[in-house]
Structures are given as C-alpha cells and as structure tokens.
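Participant: What follows is the residue order along each chain.
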Amino acid sequence: MDFEWTEEHRMVREMVRKFTDQEVRPLAAEIDRKEEIPADLLRKAAENGLMGIAIPDAYGGSGFGEIGYCIMMEELSHGCASFAITIAAHQSIGCMPILLDGTEEQKQKFLAPMARGEKLGAFALTESEAGSDAGGIRTSAAVDGDAFVINGSKIWITNGGIADIVVLYAATDTAKGPKGGITAFIVPTDTPGFSVGTVEKKMGIRGSNTAELIFENMRIPVSQVLGKVGDGFKNAMGTLDYGRLGLGAAAVGASREMLELSVRHAQERQQFGKPIAEQQIIQFYLAEMGARIYAMESMVYRTAAMADRGEKFSRESAMVKYLCTEWQDWIVDRAMQIHGGMGYMTHMPIERFYRDSRINRIFEGTNEIQHLVIARDLLKKGKY
Amino acid sequence: MKIIVCIKQVPDTAARIRIAASGKEIVTSELTYVVNPYDEYAVEEALRIREKTEGEVVVISMGPDRVSEAIRTTLAMGADRGIHLRDSAFEGSDPYATSKLLAKVISGMEYDLILCGKQAVDDNASFVGPALAEFLGVPQATVITKLDLSADRKSITVEREVEGGKEVLELPLPALVTAQKGLNEPRYASLPGIMKAKKKEIKVMDAASVGMAPDEVGEKGAKQKLISLSLPADRKAGKVIPGEPAEAVKELVRLIREEARAL
Numbered sequence: 000m001d002f003e004w005t006e007e008h009r010m011v012r013e014m015v016r017k018f019t020d021q022e023v024r025p026l027a028a029e030i031d032r033k034e035e036i037p038a039d040l041l042r043k044a045a046e047n048g049l050m051g052i053a054i055p056d057a058y059g060g061s062g063f064g065e066i067g068y069c070i071m072m073e074e075l076s077h078g079c080a081s082f083a084i085t086i087a088a089h090q091s092i093g094c095m096p097i098l099l100d101g102t103e104e105q106k107q108k109f110l111a112p113m114a115r116g117e118k119l120g121a122f123a124l125t126e127s128e129a130g131s132d133a134g135g136i137r138t139s140a141a142v143d144g145d146a147f148v149i150n151g152s153k154i155w156i157t158n159g160g161i162a163d164i165v166v167l168y169a170a171t172d173t174a175k176g177p178k179g180g181i182t183a184f185i186v187p188t189d190t191p192g193f194s195v196g197t198v199e200k201k202m203g204i205r206g207s208n209t210a211e212l213i214f215e216n217m218r219i220p221v222s223q224v225l226g227k228v229g230d231g232f233k234n235a236m237g238t239l240d241y242g243r244l245g246l247g248a249a250a251v252g253a254s255r256e257m258l259e260l261s262v263r264h265a266q267e268r269q270q271f272g273k274p275i276a277e278q279q280i281i282q283f284y285l286a287e288m289g290a291r292i293y294a295m296e297s298m299v300y301r302t303a304a305m306a307d308r309g310e311k312f313s314r315e316s317a318m319v320k321y322l323c324t325e326w327q328d329w330i331v332d333r334a335m336q337i338h339g340g341m342g343y344m345t346h347m348p349i350e351r352f353y354r355d356s357r358i359n360r361i362f363e364g365t366n367e368i369q370h371l372v373i374a375r376d377l378l379k380k381g382k383y
Numbered sequence: 000m001k002i003i004v005c006i007k008q009v010p011d012t013a014a015r016i017r018i019a020a021s022g023k024e025i026v027t028s029e030l031t032y033v034v035n036p037y038d039e040y041a042v043e044e045a046l047r048i049r050e051k052t053e054g055e056v057v058v059i060s061m062g063p064d065r066v067s068e069a070i071r072t073t074l075a076m077g078a079d080r081g082i083h084l085r086d087s088a089f090e091g092s093d094p095y096a097t098s099k100l101l102a103k104v105i106s107g108m109e110y111d112l113i114l115c116g117k118q119a120v121d122d123n124a125s126f127v128g129p130a131l132a133e134f135l136g137v138p139q140a141t142v143i144t145k146l147d148l149s150a151d152r153k154s155i156t157v158e159r160e161v162e163g164g165k166e167v168l169e170l171p172l173p174a175l176v177t178a179q180k181g182l183n184e185p186r187y188a189s190l191p192g193i194m195k196a197k198k199k200e201i202k203v204m205d206a207a208s209v210g211m212a213p214d215e216v217g218e219k220g221a222k223q224k225l226i227s228l229s230l231p232a233d234r235k236a237g238k239v240i241p242g243e244p245a246e247a248v249k250e251l252v253r254l255i256r257e258e259a260r261a262l
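If you read the sequences in order, they're chains D and P.
Quick note: the first sequence, position 143, residue 142 per numbering that gives the first Met the number 0, numbers continuous.
Quick note: the second sequence, position 38, residue 37 per numbering that gives the first Met the number 0, numbers continuous.
These are computed hints drawn from the structure, not numbers from a lab.
Among the hints, erroneous ones may be present.
[Stated by the list, open to error] Straight-line distance between alpha carbons at most 30 Å, and here's what the computed DSS-like set of lysine-lysine pairs gives:
1) D:Lys17 with P:Lys198
2) D:Lys43 with D:Lys200
3) P:Lys145 with D:Lys17
4) P:Lys195 with D:Lys108
5) D:Lys43 with P:Lys51
6) P:Lys145 with D:Lys43
7) D:Lys175 with D:Lys233
8) P:Lys195 with D:Lys17
9) D:Lys43 with P:Lys199
10) P:Lys51 with P:Lys202
11) D:Lys17 with P:Lys197
12) P:Lys180 with P:Lys103
13) P:Lys202 with D:Lys17
14) P:Lys238 with D:Lys273
15) P:Lys51 with D:Lys17
16) P:Lys199 with P:Lys51
17) P:Lys202 with P:Lys1
18) P:Lys235 with D:Lys273
19) P:Lys197 with D:Lys43
20) P:Lys198 with D:Lys43
21) P:Lys1 with P:Lys153
22) D:Lys17 with P:Lys199
23) P:Lys103 with P:Lys23
24) P:Lys195 with D:Lys43
25) P:Lys197 with D:Lys108
26) P:Lys180 with D:Lys43
27) D:Lys108 with P:Lys198
28) D:Lys311 with P:Lys197
29) D:Lys17 with P:Lys180
30) D:Lys382 with D:Lys178
All values reported here derive from a predicted model rather than from experimental measurement.
Hey, can you work out the whole structure from these sequences and the hints?
Facilitator: Here it is, written out as structure tokens:
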C-alpha cells in the first residue's frame, strides 16, 4: 500500500493550483453574480487539457485517470464551485458514458473533441417524474427505420443550455422499466427537434448552467445509440460512480479552502486582546475541520485508486459522496461561524461557498439514495 | 537556435518559512517547491524564440532529487531536455560555486543564447546569471523586459529597466540575459504537456561527470560562509483612528509627529 503522490500527481496539482489562483479564483465572485462562466475561461481550460484529464490520450484526453481527475476537481474547488461543476458535468458524467460504452467510432467522433475541450458535454437523466427513481423516465424513443424518434423533456440538466453534446437516457421499452427498458443516446445539441427550455435560477453554483431540455420528434440515428439498446440504466449508474467520486474530491477542495481561510482569520481576528485562535472552542472547531478533511481526502483517493485499477467502486463511491458532502456542509458552516459577521457579508467568499456547498447533498443521487446504495450492497454481501 | 535556460527550484512563494534549530537552514519538511517565478519568464522566452526559429531549449538546474520535478515542469511547458546537476558534493553551494559549476557544464555545450531569471526569490542574490556570463566570457544584459532576435539571428536587441526609464541594448550572440517580470506571460505546464514530459530526457550529472574535483564544488568551492538566518521582526498591529475625517487626520498628523517622529 502506497499513499505517496507521484511526481506526476504533484505536477498536475501544482498546474491546476496555479491555474485556479491565476485564472479562476479572481473571477469567482463575478461568475456567481453574472450567473455565467466566461467563454475565455473555458477556452483556457481546454487549451491546458483540463477538459479531458481522465480520458486516455487515444481519445483526446491527457490520460491521468481518476486520481488525476480528483486532484483537478479538488484544486479547482478551492476557487470556484460553479466552474468546477461545469467541468465535472462535462467530463465526469458527460464524457464518461461514452468512454464506458461507446464504440471506437463513437469515441473518435464524439468523445475526442469533448476531451480536447472543443465540445462541451452534459448528462441528461433527470425528469420531472424521475430523479432518484430513474425508472420513472417518460422521455420515449421509438424505432423508425434506421433511427429512434425521441419525445419528452429533461429538467435540471447541468450545462444543458450550453452543451454541444448531451448523453440522453430515454425509455425504449416502458414495460421493462430501468432494467432493459432504458437506452442511452449521444445527442448533438444542433439536432433538429432539440431545444432548451427554462434556464434555472439557483441558490448556489449560480455560474453553472442548469436547464430544461425539450425533445420534439428528434431523430437520432442508430449509430448514436450508446451501448446496447436497453442497457442505458446500467450505463447511467456506472457513470454516476465516477460523478459521485468527483463530487467527493470537490468537497475536499472546498473544505480545505474554508479551513485555510478560517485558520488565517482566527489568527488575525482579535477579541478580548488576543487572536480568537487562542480560544479553545475555536481550536476545537479547527481541529474537527482538519480531522474530517483528512478522512475525506483519504477516502477520495483510496477510491480513485480503486477506479484506476479497474475495480468496482459503486458502494465506495456512494460512501465518498455521502460523507464528503455532509461534512463539507458542516465545515462551511463552521467556517462561517469562525468568521462571524464578516463571513456573512458578500465581500468574503464564505457565504458563496456556503450556498455552493448545499447542492452537493442533493445532485448526482441525493445522500438518501447513497444510503440505499450502501445498505443494499451490505445486505447483498451480508458483510462489509 | 540552441538555447540554454538555468532554473532554480525555490519554496512556494506563499509558504510560511521557519528557521531550523541550527539557525543556518530553513525547515524544509513541510515545504512545497516551485520553479522560481523569474525563471519561468526565461523558459517562456526561450520557448517563444524556439517556436520562431526551431532548434532546442535545454533546461539546467542544480539540487537534490526533488529538483527533477522543477525541470520536468519546464519540460511540460515545452522545453526539449533537461540536465540535473545532482551530487551530495554540491551541497552548501553559494552563488559563486553554483555559477562556476554551471559555467563548467555549459562551456562544454553548444549555445546561442542563455537565459536566467533576474534573481531567485529564495536568497535574492541576483548573482548567478551575471557571474555565469563573466565565467563564460559572453556579453550580458540583466533585468530585461523585451527581447528581439535580429533577422540574421546573430544578435539580440533587449530592453532593460533602469532607474526612471529603460535602456535598449544590442548584444552579439552568444549572450546571456536575465529575465524580469513583464518580459512575457509564462504558459502553464499543460496537462498533455505533463504527459509528454514523462518521455523527455533529464540527464543527471555529478561532479565527476562535469569534470570538477569535489573540493571545487559545494561548500568547499564557495566564497561565502553563511553565519546565521533570522526572520524579520513581527509587524506591529496597526492602529485605527476613529472619528470624522477632519478630526482623524489631525490625530494622524499628531501621531506621525509625536509617536512615529517621522516629521
């Protein structure tokens, strides 16, 4: 067992840290206010390989695997959750379904330009009647010659309004339900019949684009079916394993930023003639934050290493997602408490992190769903 | 064009520096290291010249094992190959010993241009670049903010900062310049670049392979002796002067006169 970073990992971290300090953090407040990621920032991220870090170089990426991806998510999340989530939705759940089940031709045609950052991706599973319960999918795909005709809509799709390529999950056999009845499709957003509906206003991660997608008699050729017809649910669940792990890494980065700001503030803020860091209760807060971050970081990278070894990590990924995002919220809350009134004001980043943090317990499978995933696995195996 | 860039690995500029019990070293155990920021301008300029003229950019650095990471970072930016001067005998080098060693290595190489940072942000000596040029007997320009290569590639025109203005110099090649902030905007060591850098060569050289005797390098070859290190005194807490601006200014002037005695 080896918990040491390689030289390559350290270089990736240093590169993304620098990119975050110079390009991302200075824009974070504006991204939150304007509810938009500047195109120039996405272009710089693409030029430097951030849009395909985990994708093998044969498909346009830079081939650093899940450990590399988690390092990147962690570092970006020190700066701006909206930007980190835009990249996560593109890569971890936008590109990943194609990497998992795409044909060689699909990978070259769709995945490679996505991994190079020329095309932005999105993952479209959730519907008004289907979120945690993916079996409730009503968007239908009916065979018509050499194509499927798709009708329906999706809601709350991250990057939905700005993506070039969407991986869409639609019901091809409503009688069969999730197992066998759902199929994944690769949908370029310039396909006739595709349109963007409501773009949501949100509490946090306001700079990320969250939109409704509408499909009206949209014809998708059979060549753009991803994996086998009826295997879509499996593809979606396999993809979410990666998405959930990445959220854990994002939680680590945001939590570290909060701890680091809190440590600095506690040493600078004077009350009763001494820094508040000398108060035992503040020390306890900092200690608890640090200990939790250590556990979070450890589980994220242990699980990322499992993914890179090709092992199954669904249960572990659910554990990472659940604990890291719960603790992130707790840590952000403590950071605000330590900062007091100053933390509540918008000129400090604390309140933005507080708002941005909250969604992590909800999307990519609510934390209640993560409990189900973990418990089902335990009950099935009958042991840890 | 054959271009050589000399770089130094330094503690991260945001690091909190602590002095070791010996009083002669800093505590390195928890430090992260980066490429000296001024050296990044030098690397970037070398890469831009190579992109116009083709040729080769070789990066040289001296130091322990960890220095390979700094060299690898410049290879990820796009440099072609690296030379890592690594030998326990090099420990305790001062800027003089370092520039002597670099001069010995570089004198055996072909080059048209050598670039260094104007100073390293750890010891701020600003010594190695100029001394290296002297030992090699090539013309030099320090603290440059602009570099233009002549059409025949036989000379360069550079701008350098001088008190209150700028100086324009022309230097025949080969020459050595040291880079100042403003020379360019260094690129990132991109992620695909980091992957490619894995396959690039970093040649490790010790004192013997450079052709120097152990007593010519490191602490024995140094002209300076480090006596002690100390941290600057803690900054005193500031003072907020309350009240209406007109009143507060009066109080401020009184404090400047009576307390700070600056007037």
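Participant: Each hint: holds or not?
Facilitator: Tested hints:
1. Simply put, D:Lys17 and P:Lys198 have alpha-carbon atoms about 23 Å apart, close enough for the 30 Å limit, and the pair holds.
2. Between D:Lys43 and D:Lys200 the alpha-carbon distance is near 26 Å, which keeps this suggested pair within the 30 Å criterion.
3. Our distance criterion of 30 Å between C-alpha atoms is met by P:Lys145 and D:Lys17, whose separation comes to about 24 Å.
4. A threshold of 30 Å between alpha carbons decides the hint, and for P:Lys195 with D:Lys108 the separation of about 24 Å falls inside it, so the pair holds.
5. Between D:Lys43 and P:Lys51 the CA atoms are separated by roughly 22 Å; this keeps the pair inside 30 Å, and the hint holds.
6. For the suggested pair P:Lys145 and D:Lys43, the alpha carbons sit about 25 Å apart, so the restraint of at most 30 Å is met.
7. The straight-line distance between the Cα atoms of D:Lys175 and D:Lys233 is roughly 14 Å, inside the 30 Å bound, and the hint therefore holds.
8. Of the supplied pair hints, the one linking P:Lys195 and D:Lys17 holds, its CA atoms being roughly 19 Å apart against a limit of 30 Å.
9. Distance restraint check for D:Lys43 and P:Lys199: the Cα-Cα separation of roughly 25 Å lies within the 30 Å cut-off, and the hinted pair is therefore satisfied.
10. Using a Cα cut-off of 30 Å, the hinted pair P:Lys51 and P:Lys202 holds, with the two alpha carbons roughly 26 Å apart.
11. At roughly 20 Å between alpha-carbon atoms, D:Lys17 and P:Lys197 fall within 30 Å of each other, so this suggested pair holds.
12. The hinted pair formed by P:Lys180 and P:Lys103 meets the criterion: a straight-line CA distance of about 28 Å does not exceed 30 Å.
13. Using a Cα cut-off of 30 Å, the hinted pair P:Lys202 and D:Lys17 holds, with the two alpha carbons roughly 27 Å apart.
14. A distance of roughly 15 Å separates the Cα atoms of P:Lys238 and D:Lys273; the hinted pair therefore holds under the 30 Å criterion.
15. Pair hint P:Lys51 plus D:Lys17 holds up; C-alpha atoms about 27 Å apart against a cutoff of 30 Å.
16. Taken as a hint, the P:Lys199 and P:Lys51 pair is honoured in the structure, with Cα atoms around 21 Å apart against an allowance of 30 Å.
17. As the CA atoms of P:Lys202 and P:Lys1 are separated by approximately 17 Å, the hinted pair is consistent with the 30 Å bound.
18. Restraint check for P:Lys235 and D:Lys273: the C-alpha separation of about 14 Å stays at or below 30 Å, so the hint holds.
19. Taking the CA atoms of P:Lys197 and D:Lys43, the gap is near 23 Å; set against the 30 Å cutoff, the hint holds.
20. Proximity of P:Lys198 to D:Lys43 is assessed by CA-CA distance (about 25 Å); at most 30 Å being required, the pair is judged to hold.
21. A C-alpha spacing of about 12 Å is found between P:Lys1 and P:Lys153, which places the hinted pair at or below 30 Å, so the restraint holds.
22. Under the criterion of a C-alpha separation no larger than 30 Å, the hint pairing D:Lys17 with P:Lys199 is consistent with the structure, at around 23 Å.
23. Our distance criterion of 30 Å between C-alpha atoms is met by P:Lys103 and P:Lys23, whose separation comes to about 28 Å.
24. The hinted pair formed by P:Lys195 and D:Lys43 meets the criterion: a straight-line CA distance of about 19 Å does not exceed 30 Å.
25. For the given pair, P:Lys197 sits about 28 Å from D:Lys108 by alpha-carbon distance, which is consistent with the 30 Å threshold.
26. Restraint check: the Cα-Cα separation between P:Lys180 and D:Lys43 comes to about 21 Å, which is no more than 30 Å; the hinted pair holds.
27. Straight-line distance between C-alpha atoms of D:Lys108 and P:Lys198 comes to about 28 Å, which keeps the hinted pair within the 30 Å bound.
28. Pair hint D:Lys311 plus P:Lys197 holds up; C-alpha atoms about 29 Å apart against a cutoff of 30 Å.
29. Between D:Lys17 and P:Lys180, the direct Cα distance comes to roughly 17 Å. Compliance with the 30 Å bound is thereby established for this hinted pair.
30. Of the pairs offered as hints, the one joining D:Lys382 and D:Lys178 holds, with about 26 Å between alpha carbons and a cut-off of 30 Å not exceeded.
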